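Participant: What follows is the residue order along each chain.
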Amino acid sequence: MVELGRESLLTLAPVLRADSDLKSLQLNAQEGFIISQVDGLTPAGVLCDLLAMDETTLIIALLRLEKLGVVRWARRNTGPKGVRQSADDTAAQRVIADSVAEDPALTEACDLSRDERLLILKAEGSLAGTHWEVLGIGGDATGAEVKRAYFVASKSFHPDRFFGRDLGSFRGRLDKIFRGVKLAYDTLSREESRKSYHAAHPPPVELNQKSEGISGAVQSPAPSSTRATTVPRGESADDKAARLEKRRQQILEERRSKRLSKHASSAGQAAGGRKRKAEEIYQLGLAQLNRGNVFAAVASFKLAMTYDETNERYQNAFAEANGGALLERARQVAGEAEDAVASGKSGDAGRLFSRAFEMVPHRAEYAVRAAEQLLAAGKTSEALRFATQAVEVSPNRPSAHVAKAAVLENTGDLRAALVALEKAQTLDASDSHVTKSIKRLMKRLR
Amino acid sequence: MGALTAGAVCPMPTAGFGNLEGLSRVRAALMGPSGPDVGNMGKVIGIDLGTTNSCVAIVDHDGPRVIPSRTGQHTMPSVVAITESGKQLVGHLAKRQAITNPRNTIYGAKRLIGRRWDSRDVQKSISLVSFDMSKGPHDDVRLSMGGKEYAIPEISSLVLHEMRVVAEENLGESVGQAVITVPAYFNDNQRQATKDAGRIAGLDVLRIINEPTAAALAYGYGKGLEQKVAIYDLGGGTFDISILEIGQGVFEVLSTGGDTFLGGEDFDERIIAWLIEDFQGQHGIDLRQDKMAVQRLRDAAEKAKIELSSLNEVDINLPFIFSKGKGEALHLQKQLTRAALDGLVGDLIERTVAICEQALDDAGMKKSDIAAVILVGGMTRMPRVQRTVNDFFGIPPSKGVHPDEVVACGAAIQAHLLSTGSIDTLLLDVTPHHLGIMVAGGLFDVIIHKDTTIPTSATKVFTTVRDGQPQVRIMVLQGESSQAEENELLGEFVLDGLRAAPRGEVRVEVTFDITADGIVGVSAKDVETGREQTIMVTASSGLTEDEIREMAARNQDFLVKSDSAGGNDEVRQKVQNLLNEIDKFLPQARPIIDGTDFGVDALNKAEQTLERARHAMLQKDTKELSDCIKPLERTLSLLNNVIQKLGG
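These protein sequence lines map, in sequence, to chains R and X. Numbering-wise, our numbering puts 141 at position 141 of the first sequence, and it's gapless, one number per residue. Numbering-wise, our numbering puts 448 at position 448 of the second sequence, and it's gapless, one number per residue.
If we strip away everything but chain X, and leave its shape as in the complex, we get (with noise of 0.2 Å):
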């Protein structure tokens, strides 16, 4: 009995974790976790919900590909907001007005998911948004939006749904059913409110997965590899690093390490504080005061930061930045070089390479057993990156995955998977952290390490620690602190009925046990009289079941609503004005060119264009409609530089 090395459950009150007792959803066994309807519910999507930008994607006869916005673009900011006029917008439409409504624009709610109020990370969030944030009715975080309060896994429920819209018109077909990604670092809270985004959204959500573990799947999938590689994620808000093994159409995943405040916008506030400390030296005003100053610099510094991968220098010009009132206001104008911004963030990269040895240990490798490294996330595009990982792993970074869509394409792949009882491939995931309980002394005793390949279960016998201890008290942790306080609350439950006997001689033997889907599953049990009480842990994202199914009827009303408005309406309205436009000058130009060769080509051409954009106008037809854009718009560009260059 080597297990019976046990430290002692210790009968403590919750002290240090906050009123949660009804917040964690600590459910009968007999119930049981209500296993994933699977019925005809459409077709299947992965999605990539990212802190900055998100994907999704779809695997049909051709495999696994990117599915575009109506717009043609591949990813989408994760940006939410509601204008003056009440309008919820989501997308680039609500990142574009981000600057003029910084207040009910929200971004990087990722970073907040499944996180409680007084956690250090978002305390430090709140100095750092340009909108408002205050404390939720379940010690969670909310935030406020055109005067409403949201809940976190709202907010990227509205990001999740825009997906779907992007996957249902593309394809023409309902989507029900979707696997979501996920940091390899997010705890069990973090991932539940993932999930319960999703349910908001109205999907049905097969599995959330590990991001860099759905970029090896992208990577490998189908192509009969035997090899280990390491998948280097930095992307918008987090960094994360995994080490798999491939082989035999399985994909192992050995170890995962990450950082889930490292990411791109980290490498933007470095920028932005910089430019900030400057402008305080020059004009001795602190720019943070204004919110609206704070976003332009924001997405000035995002611009910089992206065009420094190419370029060699680039110049920041904010004009107006600051008003002295009176008609004067003052400017900003920087000028940062490449050189000078891997010097604003070389210690953030330094920082991915201890996490990067610290996985590779963890699977028991050493460097030169890596075949490849694969580049995932925006942020693996700066070249001082790829210079680091390559110093480090001494091989440069495998082409061809497309850093931006590699993991909704994986995701896509594991939820066309799942969903057709695929025999040829198979992830193995693992367990992201420590999984144990708290014992005498606020000590945290890991029962199940990370990195454990799932399904598994583990068992440790615990004895009591007072004489006659009538009832032991069993918290659920997960962390990777010795001190049971830092370490994430999952669930709580009292076995009780204990002999009244001297401490240490009453026994207890404590089962953990994680299904394939990442529920756990906790037992305890008192060796002597069979006695045993047993829950199922299911992590909290900070709402409750009520709350997630009263905002998924909501939210479905928004839909109705938002499927004879929204984006078709914006669209139809461009091609409108455009339409006007041209009618204003056609008749001038006609003229002009008319008796040319080319002018009558041209001519020809721009009405059919016109006509089509005409028809695609009564047809309601919205594809159509975006389609129409870009043809109406050179049109127009070309009959204003006839009439100004060849009229008069």
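Okay, chain R solo, but in the shape it has when bound (with noise of 0.2 Å):
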């Protein structure tokens, strides 16, 4: 890790890493969503505003980020070369450092890095979550992951990892994490508890992925994770300037409603206090998503729920947002993937079309995409799973049955082909493509 000594990574800007090979990284949803907002100028203080993420979550995935060799730290002053930066922009990010809110216990004396504080503050944060999110598993996490996702939050967490040192409030704070984690455990380690836990409190749905947990910045990614990289690419200088004037106004009003909830919400401090700072949030979830921003609108839903986990307003406003959120993200996966078509890798192409239609599984055009380009790469079984739900889901679009048809040709199954493809004809009998076709294989078949 870069030496950063006891300067705030905040006051940095992330750079993404030239060499970095994005394609080959298991990089999960969230990570991706940062990546597209990392352009070498906006220090990680900003990003939290424009990707309204708390600052521990960015700081701890862009710290491991830096560690799988994606991003790099820039000082503030001294950005990429090359790379104008706007006077706009600079000015922004002043306004933004002066008001970047600091927990005193940032500043205590005490014998933990400032890194070390900002884990353990957010693991302290996330206490107020269920115990999924505490744990940062999914409602069909086996035993085995259950107790893999408490030990790996114990070790991180555990007092014994600091031991001898001066920790001064942290102390207090690291055994009460260790407790809460120990709780999550303990609950969702009996079958028992764990049935009656998950009746009150549901698991997290979000992107059929696991939360990202108490330990996030030390669990290896999840598997199954999720891929979405959009990189701004040849944009003009004039573009650049716009998008960042854009961005700086964005950002000033975020920090207003910001400061509007924060003086509302110390006002009420006592009962009602958290259920305004719901109503707070969800209003700005909502001018998020007026202004297009929809990962930012479901971030701030998600808040709100944490803050009023009774309000139906805000569990819907969530299931929608993050339904539009995942049609998006799996827009930017097809599009990475219609980039993969365009430079002849098809195997990426098949990947990245499967991946979108699992994201949105009533798309049955991902699924048709997938299909001919995992047929293309010689994947014909998986090919042939796509097709076969693409006409499933879609059972009257031609070209589910046509994408069936070609991967069954392949197979050497041509009567079943013959089928597929007559069906297809009967649902739109104009497409030449389709008659020609059905000729060559009754041809074959004879």
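Accuracy of the hints is not assured; some may be wrong.
[Stated by the list, open to error] Within a straight-line C-alpha distance of at most 16 Å, the following computed EDC-like cross-link-like pairs (lysine to aspartate or glutamate) qualify:
#1 Lys-176/R / Asp-517/X
#2 Lys-176/R / Glu-581/X
#3 Lys-275/R / Glu-312/R
#4 Lys-605/X / Asp-621/X
#5 Lys-223/X / Asp-121/X
#6 Lys-630/X / Glu-581/X
Keep in mind that the hints were calculated from the coordinates and are not lab data. Since we're looking at a predicted model, the values are computed, not measured.
The two chains are supplied separately, each in an independent frame; assemble them into the complex guided by the hints.
Facilitator: What follows is the structure, encoded as structure tokens:
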């Protein structure tokens, strides 16, 4: 890791490494999302606002990305060579840097680095979530997975890890975190208690993937993680300036609304404070949605739900935005897949399309594309699976049948292929391509 | 408020616990425990402070290893003695002279550490040991040795100090910090007493850990295992069983069990009793009356037991065991077979099986869940013990760990982990006993159950038992009995200023909190008024803070002396004697063999050995000196043989 001394990572800008091969890395959706906003200029503290993520989540994710060799850190005023830093942007950063809220614990006199403090504070904060979230597991986690998550979290936050150090207020925090982790484990590791807890606190369903969990920083990436990486490319200087200006406006606006919510919440510390806060965050989420920042909106709605678990409006908004976010992400992945097609990598393309389809399983077109590309890459059995699913999802889509037919023909099952083609023809008689194929097949059959 | 099931805290006097008020060091919460001073204090070691033998280990760049003594031994008897000339001996030297000096030789101090004088276990020991025991000023146990009284932690500190010296000599560096192991079944008082012994020996004790846990750590450290293991530890004085789960570098203790009075020495006792009974039948004489005879019997019994692990029968020969006066003496001669020994101790071994079953049950596990059984302690060399374990778990015990050394290695690993802030390996330990308070009727109400992973905390709500009761006395207890009296008292305090109200109306919330260091904090809160009283409970070792400091200082003085004299002197003397002997024989042997080829070689070699030894004497190099002893002895016997067989 880069030697950072005591300087806050929040003031540094993460930079994408030119040599990193994003495609070969198993990045999860969140990481892909973060990378999409990393431009080598924006400091991490500003990214927090852009991405509507809390500081610790972002820092942890960035540190992991750094470890993977995806990003490195640039000093704020010494951005990568050849990239002009706009005056607007630095102004925006200054505004934000001034208002980055500092938890007093971060400057307390004790024997922990800033990053360690951030990790501990973040873990402490996550105790407010459900046991699923504390352990970073989904509802389908097996007993062994629950145990593994518990062990990994223990290893990161057991007070022995910081033995002999002056921990100040963090000693109590670590004890609390460990107890929280243990409680979550005790509850979820026993059949009966898990069942009743499951009923009262449903596990997170977001993205069909596991929540990040208390020990996200040290956990290895989930093998089934989705990937979404869009990096601004081929952008002109003017475009860039416009984009930065737009972002600055956004940041300032979000700052304002955050400040507002802060004032309001300090006014109502007692009962109702949480509800009010939830509502503010919800409103923020709606604003983000209006601006088209669906990912930020998802995060906001989710946060609102943690403040007020029972509010149906938040749950509905979350479900809807989450659906939108998934679609958006699927689109990004599909876009990448099309890039792969263009560069002739049909194997990669097939994999990306299938991933996109798994994100939005009602979109048969991704399944069709997956089947086509997988077939081209010679992965016949996988191709057949997606073609079949495409037909199941949209039985009235001719292209699904055509794709299925192509795969079946490849497997040698000419009769089944013919049936599929005929189905396609009845759905769309105008496709001469289909008609030709039918003729060709009939000939072969004879 | 499910926790409101409470019985009632009762304002009882402390009857039945003796005068413990001054003893239980109850400190105000504000003072807090003084954290470990992790400064630049030299090397960090792990010590297995055993009932019969002790062992010291360290983790260096090659991983954990046992540190051998200057004479090459890996373990050292936990024996301390004072000779007639007033010299203090520890380890092998102390053990060797035990037979001739039984009253001033102390062994098995671990069985007495942290126990109260009037406890059943201590009272039982009085008749069994060859040294004198008496009641100390804090209801603790004192031993007399060389006409002086010693507290038990003080005796243990001598052994710990010797281990420290062994380590320092070997490493050539000072040692300041240590992790010391205790049986899993030790209560807080026993642990505290062990910790105090470390302090008296000048060691900063980073942590007290359980022997089976240490063994598991040594077994699985750095291997990336994912399995559940059982540690079967049958040592000199105690039996322990622990069930652990290992995964992701985490060693989690699931359950522990044991018996603090079941170990190799009990096996020895059985053999001794058998010999004594037989002798009495033959001669009508009770050998128990003769402390020296008992000590000889003890040695012979232990030796026979060990030999029976590899032989099928042994002869026990103790000539002149009893003197009838007028030059007449009785001898003891007896044969013991392996089968007969199995018969003598079979029930002891069976007792361990019941405890294993309980531990498995506590861990919520079946025998078949256990992937490996690790044997620890010298007693597990006994074939009958191995067979029993094999039969019970249905798998052969794991090979590849050394039963005498694995615990010290585990302690060294934990010391290493703590002192380096390791992120790869973590030990999740548990509370070995129930913790709770005394409630109305003298009953024990458990607040934190045994085998709870620490750090932990728990709260329970209690109510008053009398109308208008102004205060409650919170007595903090540890143990397994439902009767408060039968458990260990760790400390007590009073929460007063309660509102005058009918009984059952005032609610008092009692919270227990255990840190990773095992420090217990207890607070009581009047739910209504928020009035709160908190203590940090520090278990009592039977010594006050002042006494410990004084002993540590005294020990320091003794250390200076022993460094200049002590063991070093013994070795020098021995080398000098050998040199003198060889000097005497060499001129006689030289003319006999000088003409032969082999003779020239042998003489050259002898000269070299002599040269090396003389050099070491001049350099005062202790290690080199002890290394010289063997070659010198060989040279001497060679010369001897030459003169006897070829001379004349």
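Participant: Next step is simple, just say for each hint if it's right about the structure.
Facilitator: Do the hints match the structure? See the list:
| no. | hint | verdict |
| --- | --- | --- |
| 1 | Lys-176/R / Asp-517/X | holds, 15 Å |
| 2 | Lys-176/R / Glu-581/X | violated, 70 Å |
| 3 | Lys-275/R / Glu-312/R | holds, 13 Å |
| 4 | Lys-605/X / Asp-621/X | violated, 21 Å |
| 5 | Lys-223/X / Asp-121/X | violated, 40 Å |
| 6 | Lys-630/X / Glu-581/X | holds, 14 Å |
Comparing the model with each earlier hint shows violations of hints 2, 4 and 5; every other hint is respected.
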